[in-house]
Each structure stands twice: as C-alpha cells, then as structure tokens.
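Visitor: Place chains B and C on chain A using the hints.
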Amino acid sequence: MMRTPQRISWLQVTALAVFCACGSSTDAPESTAVVDVELVDPQGQQVVFWYQHTRQREDGLQELIGRFNETNQYGIEVRGEYAGDYGDIYNKMMVGLQGGEVPDLVVAYQNQARAYAEADGAVDLLAYMNSKKWGLSDDERDDYVRAFMQQDQVNGQQFGLPPNRSIEILYYNQDWLQELGAQAPPTTWAEFATLCRLARDQPFSGNDDPARSLGFIYEEDASRLASMVFSRGGDFMTSDGAAYTLDTEETRASLSLMKQLITDGSAEMMGEPYGDQTEFAAGRCLFILRSSSGLPYVQSAIDAGPGFAWSVAAPPHTTPHPVVNFYGASVSLCATTPQRQLAAWLFLKWFTEPPQQAHWVQASNYFPARKSTALLLVDYIEDNPRYGIVYDLLEYGKPEPSVTGYEPVRRLVSQAVIKVMQGGDMDASLAQLQLEANATLEQY
Amino acid sequence: MGESRTEGVIAWALMAPALVVLGVFGIFPIFYAFFVSLHRWRIKKGEFLGLSHYGRALGDPIDLLGLLIGLAVIWVGLRWFSNHIRIRKAFGAAFLLAGCWLALHFLLGMAASGDGRLFNAFKVTLFYSLGTIPLEVAGSLLLATLLFKIATARSFFRVLFFLPYITPMIATAVVFRTIFSPNPSSLANRFWALVGSDPQRWLYDSRSIVALALQGIGVEAYPDWVDTMFPSMSLVCVLLYNIWVYIGYDTVILLAGLSAIPRHYFEAAAIDGANTWQTFRHVTLPLISPTLFFISLVAVIGTFKAFNHIYILRTAGAQDTVDVVSVLIFDQIYQFHNAGYASALALILFLTILVLTVVQNRLLGRRVFYGD
Amino acid sequence: MVSKRTRLLHRGLTYAGLIFAGVAACTPFVWMVTSSFMTRGETLRRVLWPAALQWSNYYSAWSEEDFGLYFENSLMIAGLTVAGTLLFSLTAAYPLARMRFPGREPLFLLILATLMVPETVTMVPNFLTVSWLHRATPLAWINNWPALTIPFMTNAFSIFLLRQFMRGIPGELWDSARIDGAGHLRFLFQIVLPLCRAPLLTVGMFTFIGSWNALGWPLLVTNTPTWRPIAVGLQKFVSEAGPEVHLQMAGAMIATIPVLVLYGMVQKEFTEGISMSGLKG
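Residue numbers (my numbering), protein chains in the order written: chain A, 66 to 509; chain B, 1373 to 1744; chain C, 287 to 567.
Pulled out of the complex, with its shape left as it was, chain A reads as follows:
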C-alpha cells in the first residue's frame, strides 16, 4: 500500500515535466527577421507539396511537377505527395505546425488557410507577388480573376493563390426538355418551376421507371442555397463581413419555391449521397444543381446508361446577368526558410501560368484562375462545348463567405433547410439560423 501512491505520483511528475517541455517548445519565439525577397537564392532547394488529388488529377499534377523539375533553371526539385483528403490535410498541418514538420506548399480551403495564417504557419504572398525580380507583372496580376484572388485575402494579406475554381451550374436533360416543348434551359425561376411540373407529369422517353419522374432533386447543402440566393441578387453576408444575412427576402423566396415544388411532387429532397446524379443519369430527373467539377462524372454516368443529350447552363436568375456560386481550394505557402519559400513561390507562380493552367484544367476538370488561359483552350472547348459554356460564366462568379467560422454555419444552414422542408415554420427557423450564425462570429 505504501509503494503505489509513490509510483503514481512519479508518473504524474514525469508527465508534468514532459508536457511542460512541450509547452515551452511551443512558446519559443520564432525568429521573424524580415528578409528581403530580392536577395534570396532559391538554387537547389527541395520543395514539398501536399495535395488531396487522386487518380487522373494526381496524374496530371505529377506530370506538371515533373515538367517543372526538368525545366526550371534553379535546380529546384518539387515533390508532390498525397496527404489525405481536405480534413486529413488540415489534421497534418495542425500537428505539423505544433511539431515543426510542415510542407512548403499545401492545398487549403479559405477557412483552413486563415487558421494556418493565425498560427503564423502561412505566408503572405504579397511580398512575392510584388517582388521586382520574382513577382508578377501588372498584366499578369490583372490576368488572375479578381474575385478568385480576393477570396484568399484577409485584411489585405494574400494567404493563398488560386490555381483553379469550380462553379455551381444547372445540369439539364436536353432531350427531355425538347420533349416538354422548351428549346432552351430556363432563365427565370418561374420558367424553372413550370418545367419541373411538366417533367413530373410527362416522364422522359428514355426513363425505364416512368412512375418515378421528377423535375429537380434538391440537396440541403449550403452551397445550393447560396446559388439560389445569389441568383436572386442576395448574399449570405454583409459586404464588410461583419454579420450574416441569412434571413432575407431572397432566402425566403428560394426556400418557398423549393417547398412548393416538393409539395406538389415535382421535386424531392436528396436522400442519399450523389442521389441526384444517379437519378439524373437515369433520366428520372430533369434538372440538378451541382459543381462543374462533376462534369466528367455525370458524363460517364450518362454514357453508362440509356444515354441522352444533355448540357449545362447558369442557374435561373432574377438579376440582369447570371450569378454563379464559385468555390475551390487554393494553395498556401508555408512558413519555412526564406530559400524554400522562394523556391515554393516560383513553382506556384509557374504552376498558375497559362500553359500549365491549360494542362491542369484539362486533367482536373476545374476551371482556370487566369483569364488568358482561354486562348490556349480553344481546341479543347471546341471538343467540349459544355466546358465552354461554363467557362463563359466564370466572370459572373460570387463566393460564399470565407470567414473562419463559416464551416459550422454551413451545417446550421443545412439543418435549417431540412427543418423548413420538413414542415417547420420558415420565419422561426430562419430567424434562429441568423442568430446562431452571428453567434459563431463572436467566438472569433
């Protein structure tokens, strides 16, 4: 009985000692001497790039990396590694920033990049972009789609460079549309609703289960609602990012329309992951609203089935021009040594140059962040007219909020949408949603 308490207290003492040591190591001040970028030499540096791409995208990326390694004049060697999906990468970065093992470049969504920046893990790219020796010329800077660049900015600092983006578009069954008597996809929500109801009553000729025929399948994801709200001229947040604007006329109009369509049987809530794609490809659903990155997947799904002519368009809108929701991950530069950072920047700059962009978007089915890439994609667009349709919509893009607390708000939005669709009181649900969303802002 005498020995045990002693042993256990030794354990506690040792543990205390160890985590105090850990504590002090994270307390250690980092040497943040300002280094003049112009004077740094990137010769022979090794750069590590963490990404979440797999399969064809990874192949395309690795090919570009290989090309850079062979052709760059500084002997910089880039090594690209699959580091898990977005969540896994965040995990690795989180522990890496505490334990010291970070890559040089990492794919990050905006809220993740902000978290890294807050922990002094991500570097402000402006120093590199403005550098006379290594930076971008004015033309090059203007060539980046401004809205994309702005999405990665926080308080005037640039914490990521966008290599690509995707937008939310309306996929529609062209053959079925014609069967219903329309020649073009709907441009207003009223037309959309009419067509949905027609679709409910008149199944597609290629549908092998005519008892099941829908106009639209609605996913509760916040991005879908964002598309609908944007298309009516609304927004999720005030322009200064100070408060959420989720309880608005536009939101109510969007949800009311969905509710009506669901009630009269022309639409349905999505019941399982990728359920809408499946139904669309089988000719049982006329419209779906999805990311453009799904184009090849929808393509092969349709090819594998009865097959029909289909295309894409901007979602219906009440605004004079279409408004599309765009999103995508950027690449952040991690704080390491000045030499490695410069070498990493040089790769990133090269990677976002139009020739590389053209190769990248063809492999990944994303859309480029550099406008002049269009000149190199003329043939590709000719072969893939749908890609061209989406490309023309890039200039009308509008992003969802990129504040740090937006992730949990997305889930709150989904929950509110479902509550309303399941019969809950719209006023009460939206009011509560706005309250809870604004509450998350206070935590930051």
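Accuracy of the hints is not assured; some may be wrong.
[Unchecked claim] In the PhoX-like style, the derived pairs of lysine-lysine whose C-alpha atoms are separated by at most 20 Å in a straight line are:
id, chain 1, residue 1, chain 2, residue 2
1, A, 414, A, 198
2, A, 414, A, 197
3, A, 463, A, 436
4, B, 1521, C, 290
5, B, 1416, C, 554
6, A, 436, A, 414
Source of the hints: derived by calculation from the structure; they are not laboratory data.
Guide: Same frame as chain A, but now just chains B and C:
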C-alpha cells in the same frame, strides 16, 4: 516476506514493457489534453485561461457542487439500502430519493447555465449506450451459445456473423444509408409499406420514435418532452447499424470464452441429467461471466466514446439528435478550430467514463465468478 | 429425455433464426462483392447482379495505386503490432490476474483509463511524442515502422481480456505447479500460455484487424508511399466528383480478403471447450 517482495519485482518486470507503451501513448495524452484545456488554443497555444473552458461547458460551479452532493447522497443511500437492518434500509431509501431529486435539480441547473449542446450530447450518448448495450450483449450471448453447439455448418455461420465487423465501413455505411434513405423506394420504406405504413424519413428524421408512434395512431398534439426525452428515429437507425456491426464482435469474444471452459464441466452436467436451460444457467453463465463482465465494461466505455460509426451516418436531417459527445469534440477541433475547448470536453467525457467504470466495477465485479 | 420431435423443432427454429440473422449480417458484404464486379453504369442503375464479371476492376484497383506495396506494408505493420501486442499483453495481464502486489486494482483502472479518451484528442499529443522521439533517438520514427507499430504494441483491451481469462483458471493448477517447484514465470509460460490459446487468438485477430483498417494515424505519420498502408490506398478512390463505387468496392475486397482468411483460420480454434489433461477432479 522476501517472497512477496520478489513477487512484486517480478510483477512489475512483467508489466513494464506494456506500462511504458501505455504510459507514453495512453496516459500522457490525457495530461496533455488537460494542459491544452487550460488555454485558449487554436492551432498554437494561446493565453492561459484556467478552468474557464470547463466553466463554459458545465455552467455554474454551484450547480456542479450541488450535483456532486446529490450523487454522494445517492451513494450513501445505496449502501444503506442494501443493508438488512430495516431502519437502515428505510433511511437508505429516503436518501436515495433525496439524492436523485438533488442530482436532477442541479443537473438541470447546469444544463441551463452551461453549454446546451454538451448536455444534449450527453443525453444522446446515454440513449445510444442504453439502446445498444443490452441488445448487443443479449444478442451476442444468444448467438455465441447457438454457434457453439450446432454441429452442421458451424464454421460457415461463424464467419457469416463476423462479416459486418470485417466489412470496411465505406461499404457498410453506404449500404445502410441506402437502406434507410427517405426515398420511397428504399428498402426500409418498402418493408414499411408491407406493414401498411407511410414512407418514413429514417436517417433524416429528428423526431423521437415515441412522437412518431403517437402520430402514427393519430395523436397530433403532444407535449414537448415526448420529442426530447426519447431517442429520435435517426438515432435509432444509427443504433441498429452499430448493433449490427458489433454483435459479431462480441460473439467472437464470447465464443473464445466458451471454448476456454474445461469440457469436464459440461460432461458432468450432462451426467447429472441437466437440460439445455439448466446447463446454461448453472454451468455456462457463471463460467462465462468473466467474459461477459469484460464485454459489458468495454461496451460502456466504447459506446460513450463512440465516434466513427455514428459520424458516418450523420445527416443534416437528424439536426442534433445523433450528436454524441465525441462528435461534439470532433466538430470543435475541425470546424470551430477550438482545440482548447475540445480538450476540456474530452476531459469531462473521460471523467464521466471513469466514474461509470468504477461504479460498474463495484456493482458487477463482485458477481463475476472466477475459477478459484 | 427430450422427445425427438421437440429436439427437431428446437433445431429447426435454431437454424431458421440463424439463417434469418445470417442474411441480415451478410447483405452489405454481398452488395460489396457484387458491386466490385459491375461496370460503373451498372452500379449507377442499381442492378442487383452484374451482367458479366468485371475482373478488370480488380486489376485497375491493384495497379492504379501501388496496392502491392501497400499490401506488403500493411502486412508488416500488422504483423509487428500483433507480435508486440501478444507478448506485452500476455506478460502484463498475468500479474494483474494472478499475482499480488500493492496497487494492483488502481493500476488496472489506470490501464483501463487509456481506453477512455477519443482518438481525436490523442492523435496530436501522440504525434508530438513520436516527432520528439524521431529527433531524440537514433531510430527514425516518422515515415517508418516504429511510429506505425510501437504505439499500438499493447492496449488495455487486450490486457483486460487476457486478465479475465487468466483469472478463470482454477487455483488447483497453480497449487499443483507450486508443489512441483515452479515459480510464476514457469507457470505463466508452461501452463497458462497454452490454456489461453483462444483469447490470445482473439486478441491477435482484433489487433490485426485494427491495425489493418487504421487510417487516421497512418495518414498523419507517413508522408510518402514508402510505408503507406492499404487503408490509405483505399481512400484514394473517392474523389471530389464522387465515388467510383465499382473500383472502390474492388479495392475494399482486396483489403478485406486477408482479414477474412485470417479469421477463417482462427475461428476453427474455437472448439467445444478445452480438455484439462493432467488435472484430477
């Protein structure tokens, strides 16, 4: 005397490698988490906050004190109640009631002043635990005794029932999501239609099963507590998924337990003319009680800590009715980027499980029959 | 004596119940197998049975990612982890079950405590520990087998299970061993060890499965494919555009088969009780 000292040395020497690994990779993280929970900790360490995270989570310290007093009173009441002196028993009963009232009162107080989501999470975790464990343990016991005795196709069935545990979660989760999808043509809805009812929303339904049952028989108006005091439909679907996965797991362990019982016990029982039920009750059950104790203890720890199988079936339609404590912790780290608060929640969960385990050990541990 | 009819009825009910439960148990597995042989179109159209067996799915899954390497890695990692777990858990469970020393019960509780914290919270400190060990010891931990195996070379679950079994061993065995002049060590390795065959196999198998399916930790401690295990390789079949179910399921099958084979071999050992030869009465 020298013998017991040598025994001590040998004991520690045998346990040393395991203790080192467990100490470094199992115990140290607990201390580390405690350290993190005392700070404002996003990715890197921030300012020292003391017990402020705990205050935010648990609410007014006075209520916490009240709860602890209430629990202490219950403990005393239990001890006196099991005493055979009548007056002690009476007092014990009184103490029990008083303690329960106190504990409940202060618990509600805590819920009001603390983090509502945390208390909801504990409620959901409790539903999950109480819903899973009895069915899992009873089911696996039944299965194990059956599989132990049948002669034909024994191996085949043993492999069959273990499949749910072995099959990768990406496959089992997708299948369950499809089975329990709100789609009118989903398997669950088709089955439900056979029974003559309307399609249900299953995993997307946040209403409690009692509320749904009431609605089914036509009662539309019911008090709020019917919805909040019972598990939701989506939680029930998640429960079914988990029981389905882990029954095979428990069965395997029980099978191992059964096969370690010396044969002569069964032979002796057969000679004495015992039938199936008698053999089960007087031979099998006591001899397998160490394993049963193991399973029930591990099940309590496991269900309170459970995460993966729950998270993967979580939908927005379930609102917050499947958010167990582990899910809350996960969200705090990955969505709110708040490692400090998450660690405080993890410590609170840890202490809860610890207390439950100690209590379970005391209550059930004595009933276990060991060979000697 | 029970009548023949009752016995038949019992047996019939038993088998009916088992078959019903069995169907429920294996449905997702069957879905996984059939999907792994379908074309993408068939998976999308939710057919029940592929028109032709697409063995090409397996070939694609294997060759697209370096599944051969991942397979080897997983085998090595799991093998090392199981070996360590069996040895350390056995030696740790014995004192907890059959020896007397001060602090035995509180120590047991402390060991159980390691099970009570969710992995979400233990990953970070463990990674920090492993990083520190990587720097402080001559052995490379990160991106190498130590980080993937040593933290798991014992766990409270295994120790607990073995302890329960060991406590069930009759005291007479220990007494007669003592009379023969054996000490604890000989008793442990000569008598207890053979008796614990079933629980040891169980522990070994569950450890193998746990190690084989582990995803979060290996992703954290590996940076290159050198030591990447199969679970990570499997994850790469889910892309943003949606899962390619037929390939995913083929990959999942490849990943599941070794576990199935192992279990098939192990479960045969769970026979009807053990014979305690050498024990009188």
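Visitor: Each of the hints needs a verdict: does it hold here or not?
Guide: Hint check:
1. A:414 <-> A:198: Roughly 13 Å separates the two Cα atoms, so the pair holds.
2. A:414 <-> A:197: holds, 14 Å
3. A:463 <-> A:436: holds, 16 Å
4. B:1521 <-> C:290: Cα-Cα ~17 Å, so holds.
5. B:1416 <-> C:554: With Cα atoms ~52 Å apart, residue 1416 of chain B and residue 554 of chain C exceed 20 Å; violated.
6. A:436 <-> A:414: Roughly 15 Å separates the two Cα atoms, so the pair holds.
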